[in-house]
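Chemist: Residue-level listing of the chains:
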Amino acid sequence: MALYWGLHWALKRILHLAPVALLATFFVFGMLYLVPGDPAVTLAGENASVQHIQEIRTLYGLDRPIVVQYADWLGNVAHGNLSVSLLSGEPVASEIAHRLPNTLLIVAGALILSILIGVPLSVAAALRPGSRFDHWSMAVASTGVSVPSFWLAMTLVSFFALDFHWFPATGATALSDGVGEALRHVALPAVALSANGIATIARQLRTAFADTLAAPYVRTLRAKGLSPSAILWKHCLKNVSVPLLTVIGLLANRLFGATIVIEIVFAIPGIGSMVVNAAINKDFPVVQGAVLVTVAIVIAINLVVDGLCRVLDPRIARA
Amino acid sequence: MTAISVDILPPTDTALRRARRWLKSDWRAAAALAYLGALLLLALLAPLIAPYSPTTQDINAMLQDPSAAHWLGTDDLGRDTLSRLIYGAPISLFACLLAVAVGLTLGVPVGLCAGYLGGWVDAVVSRVIETMMSFPGIVLAIGVTGALGIGLINAMIAVGIVFAPEFARLTRSQTMLVRHELYVDAARSFGASPARIMLRPILPNALQPVVVQTTILLAIALLVEASLSFVGLGIQPPYPSWGAMLARAYANMDIASAQMYPPGLAILATALAFNALGESLRAVFDRAGRSDAV
Chain A
29 MALYWGLHWA LKRILHLAPV ALLATFFVFG MLYLVPGDPA VTLAGENASV
79 QHIQEIRTLY GLDRPIVVQY ADWLGNVAHG NLSVSLLSGE PVASEIAHRL
129 PNTLLIVAGA LILSILIGVP LSVAAALRPG SRFDHWSMAV ASTGVSVPSF
179 WLAMTLVSFF ALDFHWFPAT GATALSDGVG EALRHVALPA VALSANGIAT
229 IARQLRTAFA DTLAAPYVRT LRAKGLSPSA ILWKHCLKNV SVPLLTVIGL
279 LANRLFGATI VIEIVFAIPG IGSMVVNAAI NKDFPVVQGA VLVTVAIVIA
329 INLVVDGLCR VLDPRIARA
Chain B
2 MTAISVDILP PTDTALRRAR RWLKSDWRAA AALAYLGALL LLALLAPLIA
52 PYSPTTQDIN AMLQDPSAAH WLGTDDLGRD TLSRLIYGAP ISLFACLLAV
102 AVGLTLGVPV GLCAGYLGGW VDAVVSRVIE TMMSFPGIVL AIGVTGALGI
152 GLINAMIAVG IVFAPEFARL TRSQTMLVRH ELYVDAARSF GASPARIMLR
202 PILPNALQPV VVQTTILLAI ALLVEASLSF VGLGIQPPYP SWGAMLARAY
252 ANMDIASAQM YPPGLAILAT ALAFNALGES LRAVFDRAGR SDAV
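Heads up: the protein sequence lines correspond to chains A and B, in order.
Numbered per my numbering, the first sequence finishes at 347, counting up by one with no gaps.
Numbered per my numbering, the second sequence finishes at 295, counting up by one with no gaps.
Only chain B is shown next, with the shape it has when bound in the complex:
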């Protein structure tokens, strides 16, 4: 007779342990998370890290090549490119977060109501979502920015308005999936109000695809912020965002073409990190969804 194995009970599966397992199994997600963490740190500590002020001009050092004094060279007003890149990080990150926050705030409650209440509310909301999604996003964002007034905050609110139908659509379809679950019926039979049912049992259970979409829209927000700042509708001089830096680099492309690489690569790497994280999260949730169903 051998000893009966005692580890029949699975180890307690905490969120931290699950996260560690996820990052161990997916090096790309781990790298993306590490990069974004470092970027956030850089953004928060920008004034301590940057060697120069991002707005100080130096007419004796215009459009310089990389050197010991200016690691990434200088722009057409003699401003240190590395410092502007570092100071651009909090601005670009803030812009993405603002746009996505506006989108979530507008979209999720609307989608929740449409999905749970159904009927004419759903019919109206669905038409509005369909209409807004037939506008090319940037076109709509430019129109709304023009109306609200030029500037980074207004531009990102406009982008958030463009994101809202996307979030509403996802939340709606997910709410419709979970609203007939047993636990929702149970809550209803206890006499919970519709608002309470939507917030307590439904919302957390409908949120997974929204989380994935949030990560992917952060990447899109970054690209749109760069586009809008590039054409002059976003951040206004002298403040740096990566898109605005590209606009300066574009203006001087024939003399100092190297200036366009630091901000461009920063945008590319950050968008790549957001996208890698989103794709990895989607795969994790898909797997979890399947194992729940079994």
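Extracted from the complex, chain A is given alone in its bound form:
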């Protein structure tokens, strides 16, 4: 029965997401039409010959109605065909597949750091509301939200890579080529990226913990003689897991954005550096492919987060 309702929910959720996902693909497709002027000229380059423009027009099917073009493009996307790069002529999908692991490694590293540091910080602050520690940790968290992550990355490179040579300043290594070396490469980018995540988690959970600790059932537990830490770890953490997951969903979105500039700072061949270079060089199939993959990952992560929230808090399912 539970399985049935779980599937029922998943199906409903996916049906609800379908228009969003479809609209997202339409936005990505429509990006090309934001360019002032003829898209064929845009794709061919400003100095292209009339003949070359005509070739591009037929090659990309730009002479057909937009709806037909979109349907055609969507069909290709569904088959994993993301067109070819205008610059290199390589298929966009294989280029993304090649770069995606580097991006995922940084984002995952930053997310793990954010949780490992942010959650205990919020607990410590919420246990003594109004204390000096509460005050200062939240002030530091405010700074963490305001610091440009790529500038933080530069300071980290300056100290730990250029001055002390503890970590490499640039590049990336795949996990399959040695875990230790891969982690050494991912350390600084992940730390730079996690500052914002730690701050966001600490601030949001601090409020969630404080609300939970003020709930009547906590007063009852305290009256029964439970120690504050037992109340916190045994009872409150469960109630705070849903806000935590919600923040993680939000962070996934933010980290995939912030990683772009971090990848530029560390010269990491990931999706972010790919989309920046493509945007500068007006390589639109690459921009479209990279944006599409990123938004697909973010939507998928949020779908999983929603599902987990439902499992952890049955009240959401009943509502």
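Among the hints, erroneous ones may be present.
Okay, the calculated bits of chain B under chain A, using three or more residues with CB under 8 Å as the criterion [said to hold, decoys possible]:
1. 120 to 131
2. 142 to 156
3. 226 to 234
4. 251 to 258
5. 266 to 274
On the chain A side, residues computed to face chain B include the following (Cβ under 10 Å) [as the list claims (entries may be wrong)]:
6. L50
7. S170
8. I288
9. T322
The hints are simulated quantities; they were obtained by calculation from the structure and are not laboratory data.
Glycine included, every Cβ here is placed at the ideal spot set by N, Cα and C.
Given chain A, work out where chain B should sit, using these hints.
Modeler: Frame of chain A; chain B shown alone:
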């Protein structure tokens, strides 16, 4: 018999007096406001204050350490860092304001219509908002900038487009809260048109969270402008913005690492000020909302 107290009537509570009370009770908001005021003044008076021109190169004074002649040193083309920092202020501030203005102009009317009209308008708008918000902001901004063409104005229009759904979502939910208030019914019963109802009684009453969000998005706009200019999609050389200065500093990091601190700290302090102001405003509005409800 003692004299009857005469100060039963509260003193007239003007906006100015309320603002003074707010700033007195929250030193962080006061400091943030003072900082932003000083920054605005600096931005407006940049040509009078800056010791050098921000674009004049001096090949005899490249990547110098701070000195009496160049308080914050010079960059790789011998340009005075302090002057570029000062001239960067109006550019960075203008960029934030432009992005937020575009976001407000696009988002607020859409949210107002969706919240007031409801029905299929709301259904469509809500889906569009949800879709746009599932894109990581910078990714979408980079895509749109690439399409519109590289440059500060286009980049900030792109950021404004990214902000629009955020404003629309807030305005929509706030409009739905106030649209059943008595004063809205009253306006309707007098025969006011939907457009007039949306603009007169609803909009001012739905605006408080939008004001808070505006302040916080100003901070985000500053960070995104810095990011986009850093990667080369924003402001183009030789003009300085704080993000573009960081890009130069990054290129010369191994020889003159000190060059990255002035623009970085300027961005940090300004973002911090916008955020502190936003948080303080939110707390004030929350308190006011609660006392209204009682």
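Chemist: Against the structure shown, which of the earlier numbered hints fail to hold, in ascending order?
Modeler: Violated: none.
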